[in-house]
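J.: Here is how the chains run, residue by residue.
Number of protein chains: 4
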Amino acid sequence: MVRAKIIGAGGYGGVGIIEIILRHPEMEIACLVGVSDVGKNISEVWPHLRGFCDEVVVAADSPEAGPDAGADIAFFATPDGVGQAVAARELESGRRVVDYSGDFRFDNVDTYAEYARRIGRTDPHASPDLLAECAYGLTELNRSEIAAARVVGNPGCFAVGCILGLVPAVREGLIDLHGPIVCDAKTGVSGAGKKPGATFHYPERYENVSAYRLAGHQHVMEIETQLSAAAGEPVKVTFTPQVVPVTRGILSTLYAPLAAGVTQKRVEEVYRAAYDGEPFVRLRSLAEPGGTSEVRGSNLCDVAIACDERTGTFRAVAHLDNLMKGQAGSAMQNANVMFGLDETCGLNLPGSHP
Amino acid sequence: MVRAKIIGAGGYGGVGIIEIILRHPEMEIACLVGVSDVGKNISEVWPHLRGFCDEVVVAADSPEAGPDAGADIAFFATPDGVGQAVAARELESGRRVVDYSGDFRFDNVDTYAEYARRIGRTDPHASPDLLAECAYGLTELNRSEIAAARVVGNPGCFAVGCILGLVPAVREGLIDLHGPIVCDAKTGVSGAGKKPGATFHYPERYENVSAYRLAGHQHVMEIETQLSAAAGEPVKVTFTPQVVPVTRGILSTLYAPLAAGVTQKRVEEVYRAAYDGEPFVRLRSLAEPGGTSEVRGSNLCDVAIACDERTGTFRAVAHLDNLMKGQAGSAMQNANVMFGLDETCGLNLPGSHP
Amino acid sequence: MVRAKIIGAGGYGGVGIIEIILRHPEMEIACLVGVSDVGKNISEVWPHLRGFCDEVVVAADSPEAGPDAGADIAFFATPDGVGQAVAARELESGRRVVDYSGDFRFDNVDTYAEYARRIGRTDPHASPDLLAECAYGLTELNRSEIAAARVVGNPGCFAVGCILGLVPAVREGLIDLHGPIVCDAKTGVSGAGKKPGATFHYPERYENVSAYRLAGHQHVMEIETQLSAAAGEPVKVTFTPQVVPVTRGILSTLYAPLAAGVTQKRVEEVYRAAYDGEPFVRLRSLAEPGGTSEVRGSNLCDVAIACDERTGTFRAVAHLDNLMKGQAGSAMQNANVMFGLDETCGLNLPGSHP
Amino acid sequence: MVRAKIIGAGGYGGVGIIEIILRHPEMEIACLVGVSDVGKNISEVWPHLRGFCDEVVVAADSPEAGPDAGADIAFFATPDGVGQAVAARELESGRRVVDYSGDFRFDNVDTYAEYARRIGRTDPHASPDLLAECAYGLTELNRSEIAAARVVGNPGCFAVGCILGLVPAVREGLIDLHGPIVCDAKTGVSGAGKKPGATFHYPERYENVSAYRLAGHQHVMEIETQLSAAAGEPVKVTFTPQVVPVTRGILSTLYAPLAAGVTQKRVEEVYRAAYDGEPFVRLRSLAEPGGTSEVRGSNLCDVAIACDERTGTFRAVAHLDNLMKGQAGSAMQNANVMFGLDETCGLNLPGSHP
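Protein chains in written order, with our numbering: chain A, 79 to 432; chain B, 79 to 432; chain C, 79 to 432; chain D, 79 to 432.
If a hint is listed, it holds; no wrong ones were tucked in.
Which copy? The list can't say, so a pair holds if one copy fits it or any two copies do.
DSSO-like, lysine-lysine: derived pairs with alpha carbons at most 27 Å apart:
1. K272 to K118
2. K343 to K314
3. K118 to K343
Source of the hints: derived by calculation from the structure; they are not laboratory data.
Based on the provided sequences and hints, a complete structural model is requested.
T.: In structure tokens:
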């Protein structure tokens, strides 16, 4: 039995991993760490858990969360900055780490600094040594590194669909890398987390579709990093984040100039080969591209290839649940790989419909 | 392994029981029966199931659905009239039956006829013999009968919350049975099923709260039947069905005159005793009554006691997911009891939040 | 031209009255007063207004808001406590006052104190003299007092539907006043105002129906006050506030024991007579009771009479837009009456559908 | 007083123009024509109109709809095919015509045929003569032609935002016309009309974002036609229609390669000049691009310029209400121009917020 410490249990990322562990046959909760909810039962924080998980939330510096907690893995379901400050201590206690934030998504301080700038952080990375060894946690791209890693940087919710939707095309030369490569992404509101704010107040959001952070969103950094690695040369993308009134779900529509002579049929073949055998990527058709409701609650990323041959444009549509494949689901997929478990443990279920 | 035949696999009641079976350690699908979807994979009908359940939907009269299908139980996820017409054949094949409709909720033809009248059916019941032996499938009220029954009439979605919220008060004499006893019920849209209609068209429903069928809803019949049985005398209720723009969830607010001298404290004690040990009923407090989102996706019914002592009024608020405790969840709970399995098999999970 | 000063322009109550004034042929804005938005154009606060209303928001103590502002009426779209503190100054400047809060809904300090206790206010009323002269602003009940009043206490959003739905029955002896009289009210989220909070965060609210403040909501005080006045004896009600995921709308289902011999037909006749000629009350039928979407954006209150003769229960369903007839619409209706204008000025439009 | 005949009064396009006429000082209803609702009061079809508009719906061939109806303009709020079949008769009666469908959006039979093919129509255009004289009804582009036209083809809802967002860039050479030019459009559900369907059933839609018709949407034809006219050479676009769970609103994000040396600042200047004085186009900023809720219920199209200089990509975000500027609002704007009225008559109001 793998025992998990969850830091940030009171947020959406925390409750997501708790829910998965409750149905995971090989993992159990070692301790739940929070800040504002310390001393409460987690089921006071999340009443739907009452009777299923009633652990007490403890403080980060409490003995229950310390070296003797009997944890094998620490999930940092925390904002940027927390993991880099304290992950080293978890490693010293012999734990492996999956961090949800951008703290461990880059392997060098310069790229991290450019990322950090976009979220308004000016301090240098607090654990530059760990950057050198951390693995980028998009399992489909990076399975063997993740298996061996002590620290995994879980991918950004937007990045997952953009990367899975573009990487085969980039890798196989199906698109013109000079671009423009466009990632037009629409996210549900839970992507902004649990903290209320004016923009996510129900009456302000229920009949609203809006673009934001048009001057530069931080997720572009990991998308470009991964695409560049796949291409073997620098790749740039234009990324547009937009909010739509769903709670869970990201739909990313991806565009690029098709390379000369490339057809819809050829693109479909490449993607079929690329994702053959992947448990969490499903290819959809041009005629039935699907929708986010069809992956909601699951760890799936559905990808439809829909090139516009008339204009010579590559187009793919990627769908995922931002709290699952975009967050806690990917975290568990990575943890399963790290501990040599079946990759689908705890994740082998569809969501509920409707 | 219990093997299940699902009749009506293409409806919300069908997909609900399929989803539960996928996570049920002791049950598997024998065959899926449909009408309009015959010959399709069920994952063409419900794309979220692709990769998890890809069975072909067969016709009711096909060999795959016949006596050799190897099924132990038949779930009729079908409208009124189907079960009474063909359940006998399932019994002859040695199967037990859980029927979602009103066909087997009453033990006599007269009450059934009054129920049938309210839904515009004028034919007499097609299997009056089975009425005599069927059990009413609200597990908490009727566990031992259900365990022994060949045919179980699964309760109406509205009835579950109204009955669970009122029965202890009725049984223990906490309320004045002369009334008025009021069941003010608010349901999500999925209660109307999968078939599109003007009233449930997204633009007509998204910002709408409306009462309907005020001249008499059929679920009042089983509420009164069960309350009368609990009281040992005839009990009448005023029932108001209302639709709110959620997909899943019923909140029922229940009112009656408090019997002389009965206090909030006394009512809470009676309910605590009544539901002690019940895995799927959780008592909530006056201060934290909860909401339907806290039972969404689970088989729970949360009940808050909130009497108004100032006016001498009993009040309880019952919350459930109409597609779970109000439909497929209750069906599985009953099936577990019928086959001697742990009652919580396949149901022992909270929903997902948010 | 009547000139209006709006205090609290940055809240939902403020923008509501601004929108009405923009289409009002006999009223214009004198000044907009705010707290946190001082110095901004109102169209920075409410971008939909850009090009239609771009006034600067001024502070309460600025000269632009003072005696020389040229205002004839002051709308206090402010929380409890503001109006009672400063309305007197508006009167001294020769202005009349409509206050949205509970500050001027009661004509004596004792009832006010009981109301205040329910919202956690312990200070005595700051302007007890004004209580004696203020008029309760439910126009349909109180037209001539309102016409003459210097200070009008605009009704609570919940109270409007409950009172309009019950008063004719109470006045004409159609119901047994010993009760229980039940007001089961479902409100949209905008009723809680513009300030974000955990309960109204989009992901927490979109699939949620919940009851709250079950130990006693303040609006019960004005409902009882008005029903008692109509009855000529004390009347008590049980009031249950509930939130549903719409932005605008309140549906109140009202129950009481029918007096002996009273029928649905008789009740309909009484209501038809009571509301004949009222521009903002529409009677709906038992068969077509309507929904909140049919009054959304308008100043209407639709009332359907739907007694349950089988159980001897009076039942009415009242529908309104909580920001219109439940707030800014009623405020303008009162202002029109106060200034001798056509009562429907600025309000004589249906909402938009869908 | 201009008198209007509305054909298709029972659809969303019909009720939209009725609502605008109710607040239009210079226009009134001559007659309402429908198909399935003939003989009903329009307020039985649209209950929110009761008391505001209670006209009887008449059949197309009834005398009330004929030459003596006293109408000056006929609004065809009808599907493709109706206008081309019968508009000539309206012209013979001396009426001018605004048609909502694609019947009169093209000035030649070839382009029309290509459009028709995309919606599955194979018959040739029924009134080819009228094609030669009809005006494309995007007022901002075509004011003088519209003023003179007998027949105006109202623009497609998607086309409005895409064209207004791209035309100044195309006209002034700010973008590389070789593309790819991408129109990524997200529409609310009302765009699909009033008729219920599986895809727009509330439970299927509430938590769903989905792309559709990826093999080719018909609106691309008029976008390309107008951009080509602006460019003076053929222009092609890749258009992706997507549905999001709002009722009203289209947000279109538009991309193209920036021409050499063109900056965000330069683009802003060009757009400011292009739309200076336009009553219904508002420019938003990169920092505050807005959202569809800020134009909801109004005839506005808000456009934010948000180029990505880092990647050399032009980007604009256009927001509108698909039932207003995308349909009935544009229709009225055109009608005002046709009859020499102030262009903003009946449209000079913001929507309601929230």
